[in-house]
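Engineer: Listed here are the chains, written in short residue letters.
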Amino acid sequence: MRPQYYLIPPLIFLFFWFIFPFLYDIYMSSMSYGLYSSAPPQFVGAANYIRLFQSADFWMAFGRTMAYVGICLTLELLLGLVLALILSKEGKIISVIRLVIALPILMVPVGISVVWKVMAMPSYGILEYITQLMGHRIAWLGHPIWTNILIIVTEVWQWAAFVFLILLAGIVSLPKEPYEAAKIDRLSDWTVFTKITLPMLKPVIIIVCLIRALDLLKFFDPVYALTRGGVSTETLSYYIYRTGFKTLNMGWGGTVSTVYWVLCWLLANAVVRRFRGVFE
Amino acid sequence: MRKARYIKEIIRAVFIILAVIAIIGPIYWTVVTSLKDRVEIGLWPPTFWPRNPTDIWWRTVLFERINLPVYRNSFIIAICASLLAVVLGLPASYACARWSFKGRMDLLFMILTFRFLPQACVVLPIYMMARILNLLDTMPLIVCLYAAMNLPIFIWVIMSYIKEIPVELEESYMIDGHSRAAAFFRVILPLIRPGLIAITLLMVSLSFGEFLFAALLTQSGAAKTIPVVISEYLGGELGYEWGKVATLTLYSFIPLVLIFVAIRKHLVRGLTFGVVR
Amino acid sequence: MAELELQGITKRFGEITALDNLTMRVPDKSFTALLGLPGAGKTTLLKIVAGVLEADEGRVYLDGIDVSGLPPQKRNVAMVYQSFALYPHMTVYDNVASPLKARKLSRSDIDKKVAEVLKFLNIEKLAGRYPRELSGGEAQRVAIARSLVREASIYLYDEPLTNLDYKLRESARGELKKMCRETGTTILYATPDPLDAISMADYVGIMVKGRIIQFGPTREVYDLPKNIPAASIFGSPPMNFIEGIARMKGDKLVLETPIADIDAKRYGGKLQVGSEYVIALRPHYISFKEKIGEHATSFEAELYLTHVIGSETIGYARANNIELTLHLPYIYRIPKPEKVSLAFSTDKILLYDKETSSLIV
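Residue numbers (my numbering), protein chains in the order written: chain G, 1 to 280; chain W, 1 to 277; chain U, 1 to 361.
Chain G extracted, bound-state conformation (with noise of 0.2 Å):
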């Protein structure tokens, strides 16, 4: 019996700062109530429910929200997967690389928000220079597409290095010998990736994506950041913020969370499923 005891800790922690509000979003998302409005809390039953599905904005979000995670990973994954294998070889220059490419992560995500921005401003930024110099004139941020692309392009500049490093560590962690007969069998690149790299790195890349895609799920920094939320960027998260907490508005904001909670946990346990499996 003693050694459970040892986890009551972390758990009653955990619990207090995650379920129960949790509980308490499920709570309230039955209420209609302002923090700041005078009225007490109403009980609505599922009204807010109805509306929230019924609601443009929020589905415009969910949708936004799915397409961020879909191409970002989509792209980490391809980048990341591209300079591990290019810089799987070792090397002294390969290693100083290797550690410049990494340098990504350590950057604040909204620190690197802001600058990606700053540099996209017009008439002040970097980015509006190059362009100019190509020929085109492209307002990063005002025109939605390219705001979209923005953002897009900031975090799939932090996180392929994430990604990149964990298929790194995977590709360099692989045995030798499969590669070595490949060489006596003089087969060709493209062969010796698709039928030994690939294969033997699925369960790394099933982990990386897993980790990436719910931590894209949370999309909030660049989002933030770059556009206030505004001109069409806006994610589940910046959704909350901008209908519930800037209002305040416990009950609306008590809906959307629970929905965004369920989802982000059936994915997150579809995952600790298929986690497991590699795991154990």
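No farther apart than 27 Å at their CA atoms in a straight line, the calculated lysine-lysine pairs in the DSS-like style are these: (1) K202(G) x K265(W); (2) K289(U) x K348(U); (3) K92(G) x K8(W); (4) K3(W) x K176(G); (5) K3(W) x K183(G); (6) K119(U) x K29(U); (7) K167(U) x K119(U); (8) K176(G) x K265(W); (9) K8(W) x K202(G); (10) K252(U) x K270(U); (11) K89(G) x K3(W); (12) K183(G) x K8(W); (13) K3(W) x K195(G); (14) K265(W) x K89(G); (15) K89(G) x K8(W); (16) K176(G) x K8(W); (17) K348(U) x K270(U); (18) K265(W) x K92(G); (19) K3(W) x K92(G); (20) K195(G) x K8(W); (21) K202(G) x K163(W); (22) K125(U) x K178(U); (23) K226(U) x K29(U).
Distance windows between CB atoms, simulated: (24) R132(U) x V100(G): 32 to 38 Å; (25) P329(U) x S88(G): 58 to 64 Å; (26) M179(U) x V192(G): 53 to 59 Å; (27) K291(U) x Y179(G): 56 to 62 Å; (28) P199(G) x R38(W): 54 to 60 Å; (29) R38(W) x W146(G): 25 to 31 Å; (30) S358(U) x Y179(G): 55 to 61 Å.
Hints listed in this document are in silico derivations from the structure and should not be mistaken for laboratory results.
Ideal Cβ placement from N, Cα and C applies to all residues, glycine included.
Start from chain G and add chains W and U according to the hints.
Structural biologist: Leaving out everything else, chains W and U in the frame of chain G:
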């Protein structure tokens, strides 16, 4: 055959160069901007190298009265949160590493899922709770939140480090006559020290960069952290101060680089809970 | 120094029963070997004696006292692990001093005792080194030093020689034996190697699948293993087994085997004609026909491989499709397989009932 190999190498080199430029680019811009004076920053077309490098931003940002307490806050919060996570997490990690009890894996995986839950979901209730407890805009609040956020990673990674140490060492120590607690402090702890330090530093970095909780749950300067200040420099309260923005970002970057260099061997394990080495 | 008694010890790990109602008594001040193949449960048993593992059923008595519920700290046993379990972050001195520090002895007392035991094992110069800097043999001595530095009721050794290379093992055996005689302690020594038991132990317990199938003075157990498993484990090189049927040939009682008919007169009425038996024959006892004298059973065989070890030879022969191993006390090489006449003295065999596996005396 040789030609094909040659071409491949060239493509590879090109790719690497492009990647390095892409990575270094924004960082370079940040450094360069922090060294330009105000006039030059506003120049169009922008210059790639400061004509009159100046340290004015470096000095102002460092010593501006608004900012000093913010650095202090960020550091204190990061360190305290990490220590709190260590204190709460070490016994749990040890218990999970050495004993197999019913439901252990289930509990561990539930703890793991906490890492993936969005801060935005709990920010409202926590705001309310904090208001009631009078903790709003205080450092202890943020410290607790960051500790809670980092606990899952800590427990999992330290558990994997502890599992690497053969049980025989502790058993032998207890057969020698020492208590189990002594075995933990004198045998396990010294042997996991490098990993422990690495993970603590990782937690410090993660605490440093967290934005949502810090921005939404702190108003005045009492508990403001660096990321919040950075975000304020944009068309917000403090106007368009590119020099300051660049410098501030740089200041938050440098400690993290130092930490990274110190823990790079342990980094991968820390970020993937020890599954990938 | 104390007597160890185990009563009905059972230990399960999930579905697997590691120890099955095990009972054994280790005499005071004896060197007792626990002989068994890997997986027999030796380490589990030692850990239960040490207190590191708790038995599901059964009791452990040290010197008459029931220690079954006590944690290792309170039991005063010493254990040397197969992997030596030296603390990597401490010097040899600190490793050896560990049990004394646990007993809160004074610094000078600790110094004295540690110096004493290091000297006894000839490793004084290693005192400041770290385990990673030690060779296999040195590490083993440090582990033993750590166990000897205090006076324990019983000393438990878990295959301490397994991690040493062959040459080292030989000399280590000699030293261990000497050391044990000098310290006069109760020792329980787990090993898969019968040579360890033969050369060092006063008593031996043969352990198979979590049970002790035979226990007694080493010579006795070696000469008269009670059943077939005991016979097959305790022998190096391993015992030859030949199956035979008891028959009457004329008025003589013989054991009819594929290689020869063995005169079974001395077993008299203990054999049942028509029943199956297993004859166990030690490799030592097979030799060339010329060398064996009276009561010899001889047979033709093909000697197809010889293997010289030191000044002795292991020979592999085949007679009528039965594989036999010989152990010759001299060097004998064959350039190619040759037909030979082999023989063994009939009164050197051990006979077992095939069904019950018990020894027929």
